[in-house]
Each structure stands twice: as C-alpha cells, then as structure tokens.
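> Residue-level listing of the chains:
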Amino acid sequence: MDKSLLKISAPTVCEAAPETQNEKGKKTPRVRRRLVVSLCVYLIAIPLVIFAGVKLFNDRKYNIVSVIIAVLACVPLFAGFEKGRSGARELVVLAVMTALSVLGRLIFAPVPGFKPVTAIVIITAIAYGAQAGFITGALSAVVSNIFFGQGPWTPFQMFAWGFLGLLSGLVFRRGKKPNVILLVFVGVVGGVIFSLMMDVWSVLNFDGGWNLSRYLALLVSGLPFTAVYAASNAAFLLILTNPFLQKLNRLRDKYGVFNPQ
Amino acid sequence: MKAFDNFHPVAPFLYFAAVIFVTMFTTHPILLGVSFACAVFTCGMITGAKKTLKSLLYALPVMIVIALTNPLFSHNGVTILFYLNGNPVTKEAVLYGVDISVMITSVFYWFKSYHAVMSGDKFVCLFGSVAPKLALLLSMTLGFLPKLKRKYREIDDAQKALGIYSRKGYLDKIRSKIRVLGILVTCGLESSVETADSMRARGYGLKGRTSYSVFRFTFADAAFVFFTVALTAVICFLAYKGAADFRFYPTVKEINFGLESAALYLSALLLSAAGIFCEIKENTVWRLLKSKI
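Line order of the protein sequences matches chains D and Z.
Numbering-wise (my numbering), the first sequence opens with residue 3 and increments by one.
Numbering-wise (my numbering), the second sequence opens with residue 146 and increments by one.
The reader is advised that the hints may include incorrect statements.
Below 30 Å or equal to it, Euclidean Cα-Cα: the simulated DSS-like pairs (lysine-lysine) are [claimed, not checked]:
{"no.": "1", "chain 1": "D", "residue 1": "K179", "chain 2": "Z", "residue 2": "K352"}
{"no.": "2", "chain 1": "D", "residue 1": "K179", "chain 2": "Z", "residue 2": "K322"}
{"no.": "3", "chain 1": "Z", "residue 1": "K196", "chain 2": "D", "residue 2": "K249"}
{"no.": "4", "chain 1": "D", "residue 1": "K256", "chain 2": "Z", "residue 2": "K195"}
{"no.": "5", "chain 1": "D", "residue 1": "K85", "chain 2": "Z", "residue 2": "K352"}
{"no.": "6", "chain 1": "Z", "residue 1": "K294", "chain 2": "D", "residue 2": "K179"}
{"no.": "7", "chain 1": "Z", "residue 1": "K352", "chain 2": "D", "residue 2": "K256"}
{"no.": "8", "chain 1": "Z", "residue 1": "K236", "chain 2": "D", "residue 2": "K249"}
Hints were generated in silico from the structure; no laboratory data involved.
Values in this document were obtained by computation on a predicted structure and should not be read as measured data.
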C-alpha cells in the first residue's frame with residue numbers, strides 16, 4: 003500500500019514510467035543481441051585465446067593468457083550494462099556505492115585483509131540485482147587500485163568481485179531481507195574463493211604454468227590473511243546488510259531507482 | 146616534466162599496453178633486462194628520480210626473496226647446487242627465479258609510469274566513445290570519493306559535538322562508526338539523486354549529444370602510435386620465428402646473438418626506450434626555450 007502511494011505522489015520526479023513502456027516493446031531483440039554477444043565471447047573468443055596460447059606460445063604464457071581471459075569474461079557484462087536501460091539515477095547511485103566501497107577499503111587499509119568491499123558489493127547486488135552487483139564489484143577493483151596500485155592483478159580482482167556481485171544477485175531474492183546463514187556463508191565462501199583465485203594468478207605469474215607445491219605454499223602463507231578477510235566479510239555483512247538494505251530499498255521506493263518493473 | 150602529457154591519451158595507453166605485453170610475454174633474459182632498465186628509467190623521469198630510487202630500495206629485497214624462494218618450489222634443472230631438507234636446489238631454478246623477479250618488477254614499474262601518465266580524465270576520454278556510460282560512472286566515482294570523505298568527517302564531527310559519539314569501549318566505538326557510515330550512505334544517496342536530476346535537466350542521455358575533450362589527435366600522436374604498433378609487430382613476428390625462445394629447464398640455454406635475435410633485442414630496446422627518448426627531447430626543448438629568454 004505504501005509503495006503505490008509513493009508512486010502516485012512522485013510522478014513529477016520519476017520520469018522513468020513512459021520510458022519503460024517503450025522499452026518493453028523493444029526488449030526481445032535487445033536481449034537476444036546481448037545473448038549473442040555473450041555467447042560469442044564465452045564460446046568463441048575465450049577458447050580461441052586458450053587455443054592461441056597453447057599453439058602459438060608453446061603453452062607457456064599462462065600469465066598473459068589468463069589476464070586476457072579475465073578481461074574477456076567481464077566484457078559481455080559491461081556491454082550489457084552499457085546497452086542496458088539504466089538512466090542517470092541508476093548510474094549515480096552505482097557511483098556512490100562504488101565510492102563507498104572504495105572509501106571503506108581506504109579507511110581500513112592499515113588492517114590487512116579487513117575490507118568492506120565484498121560486503122558492500124553483495125548488499126548492492128541484493129538490493130539492485132545481479133548487474134548492479136557486478137558493476138559495483140568490478141568498478142570497485144579498478145577505482146581502488148588507482149590508490150593501491152594497478153597491475154596485472156586488476157583484471158582478476160575485477161573478475162572476482164564482479165562475479166561475486168553477479169552471483170549474489172542471483173542467489174538472494176531481490177530487495178528482501180536475506181537469510182542470515184546464507185549471507186554469512188556467501189561472505190565467507192566469497193572471501194575464500196577470492197583468495198584462492200588471487201593465488202592461482204600468482205602461481206601462473208611466477209611459473210608461467212601450474213605448480214601445485216607453490217600454490218599450496220601460497221595458500222598456507224596466506225591463511226591468516228584469508229581468515230581475516232573471510233571473517234571480516236561475514237562481520238561486515240552481518241552489521242551492514244539490514245541498515246544498508248533499508249536505505250537502498252527506500253531509495254528505490256522513493257525515486258524509482260532500479261525498479262524491476 | 147611529462148612528455149606523455151602532450152600526447153593524445155591513445156598514444157601512451159597503446160605504448161604502455163605494448164611494453165607490458167612484451168614484458169609479460171617473454172622469459173628471455175636480455176629482453177627482460179632491457180625492459181627492466183627502461184621501466185625504471187621511464188618511471189624515474191616521469192615520477193621523479195628520488196621517489197623511484199626509494200621505491201627500488203623496497204623492490205630489490207622483494208626481487209631477492211622471489212629469486213631465492215623459487216628453488217623451493219621448482220626442482221627442475223640438472224645442475225644441483227646443494228640439498229635442502231632432502232630436496233635439490235638447482236642453479237637453473239635460481240636463475241629462473243631471478244628472471245621472473247625481473248619480469249614482475251619491470252611490469253610493476255611500467256604500471257607505475259602508466260598510473261602517473263593516465264589520469265582519470267584521460268581514461269574517460271579514451272573510453273568515453275567506446276563505453277560512455279562506464280566512463281561516466283568511473284569519473285563520477287572518482288568525483289564522489291573526496292566528497293564522501295569530506296562528508297564523513299563532517300558527520301563524524303557533528304556526532305561528536307552532539308555527544309552521541311561514544312568512545313568508551315571498543316564495541317561502542319564500532320557502533321558509533323557504523324552509525325556515521327549509515328548516515329553517510331543516506332546523505333550520499335540522497336544527494337546523488339539530486340545530481341542525477343540535474344544531469345537529466347541538462348540533457349544527459351539524449352541522442353546526438355557530443356562530449357567535449359581537450360585532447361586532439363595530432364600528427365605526432367599518429368607517428369608515436371605507428372612507431373609503437375610497428376615495433377610491437379616486428380617483435381611479435383621475430384618471437385613467432387623463435388628468436389625470443391629461451392628455456393631454463395633442464396639446462397639454461399645459451400643466449401643467441403644471431404641476426405634475428407639481434408634485431409629482436411634492438412627493436413625491444415627501441416620500443417622500451419621510446420618513453421625515455423620523448424622525455425629527454427621534451428626536456429631539451431624546454432631548456433633551449435628557457436635559455437632563449
């Protein structure tokens with residue numbers, strides 16, 4: 003009842019209504035085109051890069067091949083956002099959420115492994131859907147590395163945080179209070195997978211190929227870091243999810259930002 | 146002085162992409178040595194010699210650690226130096242470790258220079274035409290950071306002045322911080338909607354809108370881009386022919402100085418040193434102009 007009242011009282015501010023009606027008619031070809039683009043990248047471009055890596059470079063250039071694959075994996079999602087129907091409001095809200103996660107990483111920089119980025123990405127994904135989660139995660143990696151130093155690891159962080167946002171957008175029911183156990187589970191698993199992935203990247207970079215003993219050594223030496231990271235994810239999620247979700251939902255109801263209809 | 150500042154963003158972006166690609170692509174010690182020397186010099190010229198020397202003080206121990214730990218994980222190679230806990234430590238593994246550490250450090254220094262040259266506006270200019278929404282999103286995020294930081298401090302002060310801010314226990318402190326963060330989120334989001342409305346009022350998202358850019362693509366840019374692409378193509382071709390092949394295991398291959406290899410080293414040197422050359426040229430021109438006054 004509350005929502006319908008707000009919608010009636012806010013048409014002067016919310017101009018999205020006529021646009022969305024127009025979009026509905028055109029929706030199918032756009033969705034189809036997007037699907038074609040992603041299929042092209044996932045089924046043709048990525049195997050092609052792997053094939054080229056194996057054939058042309060004698061199977062030893064995993065470091066560069068893996069960077070290219072990480073970038074390629076993000077391309078369809080970025081393209082989907084670029085061609086999607088998000089307007090100025092959605093854009094600005096995403097910019098604020100990204101800035102907040104980067105700011106969090108900057109504030110907690112002295113404590114290694116203790117960063118709220120994952121939590122904010124997951125909360126954005128719960129409130130505004132998988133695409134918003136992906137964009138916030140991927141962009142947080144790029145922007146925060148402007149301060150922490152860009153490197154070949156940037157595409158991997160982009161991939162890891164972006165896909166974490168995407169997956170949590172798919173796992174949780176949009177805009178609803180999430181199940182606490184599932185939330186903690188996602189936070190911890192997300193933190194662990196993030197560390198596992200970054201160690202894979204380190205091994206590929208060092209050895210130009212796979213080296214299990216180095217991977218295990220890196221995992222063990224990174225264990226305290228991973229533990230702090232996973233625990234901080236869970237803690238941030240437990241503390242921040244409900245208040246943040248409330249605010250994001252309120253914004254959705256008040257201004258029609260990321261309204262699914 | 147930054148000679149790269151005079152270029153259109155496309156030129157330095159392509160240049161750094163090319164040198165980083167070549168560096169990460171090869172394990173050949175001469176190519177990596179050239180890349181490392183040029184990376185450090187370029188970084189020194191762009192970000193300042195003192196700063197770079199200081200960062201070398203941190204980078205060198207890391208390099209040594211990488212080089213020394215490699216034999217612990219890799220027991221390939223035939224020349225056994227000694228045994229450590231029953232595992233052989235080979236000369237080849239140590240040399241490979243040195244090689245890889247040089248690669249990692251040079252990539253690090255190339256990225257440092259890249260970072261100093263490619264500021265936010267250049268990045269936006271570069272990707273503004275390909276992905277206008279993402280580029281705008283990026284530049285807005287960068288803009289929001291200092292704003293939110295200032296707002297955070299204001300809210301913090303206000304809470305303290307109100308006497309709500311508790312700093313008794315650890316838990317109380319965290320609770321206060323989280324309240325400040327919550328207020329910050331509300332403030333940021335509310336004001337962001339205002340920004341969006343203002344953007345819309347100025348015609349954001351309408352068809353046919355062009356974006357202004359201070360950068361012009363001149364002949365010098367075209368020449369630099371051509372130079373970069375041509376040299377990269379030459380290097381890739383020679384590498385494809387096998388001139389850049391190098392192996393550490395089981396025995397370290399001898400460094401080849403044939404015609405093709407020499408051409409490869411020379412083109413890698415030309416490519417890696419292009420940035421330094423531009424800087425030196427710019428500095429000399431600047432001095433000449435100054436001396437004329």
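> Against the structure shown, which of the earlier numbered hints fail to hold, in ascending order?
As far as the earlier hints go, 1, 3, 4, 8 are violated by this structure, in ascending order.
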